[in-house]
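Heads up: the sequence lines are chains A and B, in that order.
Residue 1 is where the first sequence starts when you use my numbering, and the numbers rise one by one after that.
Residue 1 is where the second sequence starts when you use my numbering, and the numbers rise one by one after that.
Derived by calculation from the structure, the hints in this document are not laboratory data.
We put the beta carbon where it would ideally sit given N, CA and C, even for glycine.
It is possible that some hints are incorrect.
[What the hints assert, rightly or not] Listing some non-contacts, in silico: residues in chain B with all C-beta distances to chain A over 10 Å:
no.: 1; residue: 56
no.: 2; residue: 73
no.: 3; residue: 79
no.: 4; residue: 88
no.: 5; residue: 91
no.: 6; residue: 110
no.: 7; residue: 153
no.: 8; residue: 165
no.: 9; residue: 203
no.: 10; residue: 204
no.: 11; residue: 218
no.: 12; residue: 225
no.: 13; residue: 258
[Claimed, not checked] Restraint ranges, calculated between C-beta atoms of paired labels, are given here:
no.: 14; chain 1: A; residue 1: 66; chain 2: B; residue 2: 178; range: 49 to 59 Å
no.: 15; chain 1: B; residue 1: 257; chain 2: A; residue 2: 249; range: 21 to 31 Å
no.: 16; chain 1: A; residue 1: 120; chain 2: B; residue 2: 38; range: 18 to 28 Å
no.: 17; chain 1: A; residue 1: 254; chain 2: B; residue 2: 33; range: 32 to 42 Å
no.: 18; chain 1: B; residue 1: 65; chain 2: A; residue 2: 33; range: 35 to 45 Å
no.: 19; chain 1: A; residue 1: 73; chain 2: B; residue 2: 33; range: 37 to 47 Å
no.: 20; chain 1: B; residue 1: 154; chain 2: A; residue 2: 247; range: 24 to 34 Å
no.: 21; chain 1: B; residue 1: 219; chain 2: A; residue 2: 249; range: 31 to 41 Å
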Amino acid sequence: MVLIIKDEYPDKLFREDGKRLDGREKTELRPLKMEVGVIKNADGSAYLEWGNNKIFAAVYGPREVHPHHLAKPDRGVLRIFYRMATYSVFDRKRPAPGRREKEISMIISDCIEPVLFLELYPGTAFEVFIEVIDADGGTRCASTTVASLALADAGVPMKSLVTAVAVGKIDGEIVVDLSGIEDKAGDADLPLAITWFNDELSLLQFDGSMDADEFDTCLKLGKEAAEKIYQIQLDALRSKYISIQESVNQSSNTSGGDE
Amino acid sequence: MEEDESEVQEDDEFEDEETTRELVVPGEVLTEDVNNFLPGRGTILNDTRDKIISLHIGLKQINKNYINVIPLRGIYTPQPGDKVIAIVVDKNPVKYRCDINAKDDAQLKPKNTARRGRPRFGRGKDFSRNQRDDSNTETFDIGDILIVKVLSADRLNKPELTTVGKYLGKKNGGIVISIDPPKIPRVIGRSGSMIKMLKSLTNCNIFVTQNGRIWLRGDNIAYERLLIDAIYKIEREAHTSGLTDRIQAFVENEKTKRGIK
Numbered sequence: 001m002v003l004i005i006k007d008e009y010p011d012k013l014f015r016e017d018g019k020r021l022d023g024r025e026k027t028e029l030r031p032l033k034m035e036v037g038v039i040k041n042a043d044g045s046a047y048l049e050w051g052n053n054k055i056f057a058a059v060y061g062p063r064e065v066h067p068h069h070l071a072k073p074d075r076g077v078l079r080i081f082y083r084m085a086t087y088s089v090f091d092r093k094r095p096a097p098g099r100r101e102k103e104i105s106m107i108i109s110d111c112i113e114p115v116l117f118l119e120l121y122p123g124t125a126f127e128v129f130i131e132v133i134d135a136d137g138g139t140r141c142a143s144t145t146v147a148s149l150a151l152a153d154a155g156v157p158m159k160s161l162v163t164a165v166a167v168g169k170i171d172g173e174i175v176v177d178l179s180g181i182e183d184k185a186g187d188a189d190l191p192l193a194i195t196w197f198n199d200e201l202s203l204l205q206f207d208g209s210m211d212a213d214e215f216d217t218c219l220k221l222g223k224e225a226a227e228k229i230y231q232i233q234l235d236a237l238r239s240k241y242i243s244i245q246e247s248v249n250q251s252s253n254t255s256g257g258d259e
Numbered sequence: 001m002e003e004d005e006s007e008v009q010e011d012d013e014f015e016d017e018e019t020t021r022e023l024v025v026p027g028e029v030l031t032e033d034v035n036n037f038l039p040g041r042g043t044i045l046n047d048t049r050d051k052i053i054s055l056h057i058g059l060k061q062i063n064k065n066y067i068n069v070i071p072l073r074g075i076y077t078p079q080p081g082d083k084v085i086a087i088v089v090d091k092n093p094v095k096y097r098c099d100i101n102a103k104d105d106a107q108l109k110p111k112n113t114a115r116r117g118r119p120r121f122g123r124g125k126d127f128s129r130n131q132r133d134d135s136n137t138e139t140f141d142i143g144d145i146l147i148v149k150v151l152s153a154d155r156l157n158k159p160e161l162t163t164v165g166k167y168l169g170k171k172n173g174g175i176v177i178s179i180d181p182p183k184i185p186r187v188i189g190r191s192g193s194m195i196k197m198l199k200s201l202t203n204c205n206i207f208v209t210q211n212g213r214i215w216l217r218g219d220n221i222a223y224e225r226l227l228i229d230a231i232y233k234i235e236r237e238a239h240t241s242g243l244t245d246r247i248q249a250f251v252e253n254e255k256t257k258r259g260i261k
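Using the sequences plus the hints, can you model the full thing?
Set out below in structure tokens:
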């Protein structure tokens with residue numbers, strides 16, 4: 001017997017007190033935590049927890065490109081491997097990379113490329129492996145955020161970090177940082193990524209319907225939300241070194257040594 | 001060759017007077033005063049040319065009117081003249097392929113492995129049976145640890161190596177450890193102060209190379225282990241100040257703790 005479980009969405013995506021189903025305000029982000037240097041054997045790595053999303057990213061490179069025909073003689077290539085664990089979603093995710101994984105890998109690569117200096121590394125590749133352990137809406141934005149963090153941790157020269165966040169419309173209201181259920185049952189979804197070098201958008205996808213005014217509001221709210229996420233990214237990157245500095249200072253203070 | 005007191009000279013960028021030890025991250029605005037400052041190493045002007053921006057996670061350093069960023073992570077980029085530790089990974093009659101911890105494997109051609117000194121024509125040697133003894137070049141095997149000099153390197157071609165020169169050639173014995181290449185200047189210290197201190201405290205021979213590999217050999221394994229711990233401690237705390245004193249205290253402390261005085 002085939003057991004078919006249909007996705008059931010609630011009729012309303014707002015509670016009676018005006019908050020969203022998970023108790024957030026309209027412009028409130030899910031709890032966000034980032035860490036760098038989590039994978040020892042990688043050149044650079046990062047881990048992110050964003051709501052129920054749990055994502056690892058590992059960077060290797062620059063190194064030889066295999067298969068070799070992908071190498072470019074005049075510049076390096078950025079290869080992103082976005083994969084979801086089989087247990088990351090409600091149904092078992094088939095482990096073979098499908099259309100969706102290939103698309104997300106490509107858009108993340110295209111969206112991070114402008115901040116890198118790939119022309120300095122001809123014939124080589126930077127390879128970023130993004131492993132989604134747990135998924136709950138907005139993994140492409142979360143993956144972009146964590147991939148840029150891992151690249152920065154690897155010491156790859158980059159103009160700035162990249163931050164991505166999704167803005168959307170649920171029940172006729174513009175909200176920031178859609179969760180999985182809001183993404184599926186909502187009216188519109190607008191993931192966007194910002195490169196802070198020139199405050200440019202490097203990713204803008206759109207799915208659903210909204211009018212021009214709402215679109216402008218979305219961009220404005222998205223940028224405000226991205227700024228908050230950017231600060232968390234910077235803190236995560238710095239904290240790896242600052243924590244060592246603090247522990248050193250503490251131990252030298254207790255042992256009476258002077259700096 | 002075996003008991004060499006070799007050192008690598010390096011600009012002590014970490015120990016520069018003007019190093020502010022301010023931690024910066026990629027994209028961070030270092031200054032908006034572009035009239036008085038110029039972008040140096042590891043920095044870039046933005047498109048409107050009114051801000052200087054960091055490219056790495058590293059330490060901000062002001063040298064005259066240049067703003068530099070000393071990276072804390074990164075890969076080794078071979079430069080002609082560098083002495084590096086290479087591992088032979090492949091071998092054929094035309095060349096050896098060596099891993100030098102850079103983005104490309106390096107080439108070592110037999111013409112660059114010529115034996116130093118006068119060719120040894122031994123009395124009673126049977127040249128007909130073993131032609132290799134007749135050869136004027138050294139032969140290496142896969143897995144050999146070599147100390148080599150980079151002859152040529154650019155971003156397009158594979159680097160070329162040589163084993164002809166002082167201190168260069170195959171290393172027998174000893175331990176090779178690997179650390180982050182940008183932290184190598186810190187292991188050497190200001191005009192070699194750190195490495196001299198480590199050598200005198202642990203009685204080990206150390207050869208520090210630019211590609212992040214360190215060859216070491218001591219009188220006994222206890223000293224070697226202590227030295228390795230100290231080097232990893234330096235790597236971890238490379239961005240902090242007062243490192244030499246702290247490492248000296250650490251080594252002396254550990255010596256008594258481990259009872260290897």
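Tested hints:
no.: 1; hint: 56; in the structure: 6 Å, violated
no.: 2; hint: 73; in the structure: 3 Å, violated
no.: 3; hint: 79; in the structure: 14 Å, holds
no.: 4; hint: 88; in the structure: 18 Å, holds
no.: 5; hint: 91; in the structure: 19 Å, holds
no.: 6; hint: 110; in the structure: 24 Å, holds
no.: 7; hint: 153; in the structure: 14 Å, holds
no.: 8; hint: 165; in the structure: 28 Å, holds
no.: 9; hint: 203; in the structure: 25 Å, holds
no.: 10; hint: 204; in the structure: 24 Å, holds
no.: 11; hint: 218; in the structure: 26 Å, holds
no.: 12; hint: 225; in the structure: 20 Å, holds
no.: 13; hint: 258; in the structure: 18 Å, holds
no.: 14; hint: 66(A) x 178(B): 49 to 59 Å; in the structure: 23 Å, violated
no.: 15; hint: 257(B) x 249(A): 21 to 31 Å; in the structure: 22 Å, holds
no.: 16; hint: 120(A) x 38(B): 18 to 28 Å; in the structure: 20 Å, holds
no.: 17; hint: 254(A) x 33(B): 32 to 42 Å; in the structure: 40 Å, holds
no.: 18; hint: 65(B) x 33(A): 35 to 45 Å; in the structure: 41 Å, holds
no.: 19; hint: 73(A) x 33(B): 37 to 47 Å; in the structure: 40 Å, holds
no.: 20; hint: 154(B) x 247(A): 24 to 34 Å; in the structure: 41 Å, violated
no.: 21; hint: 219(B) x 249(A): 31 to 41 Å; in the structure: 35 Å, holds
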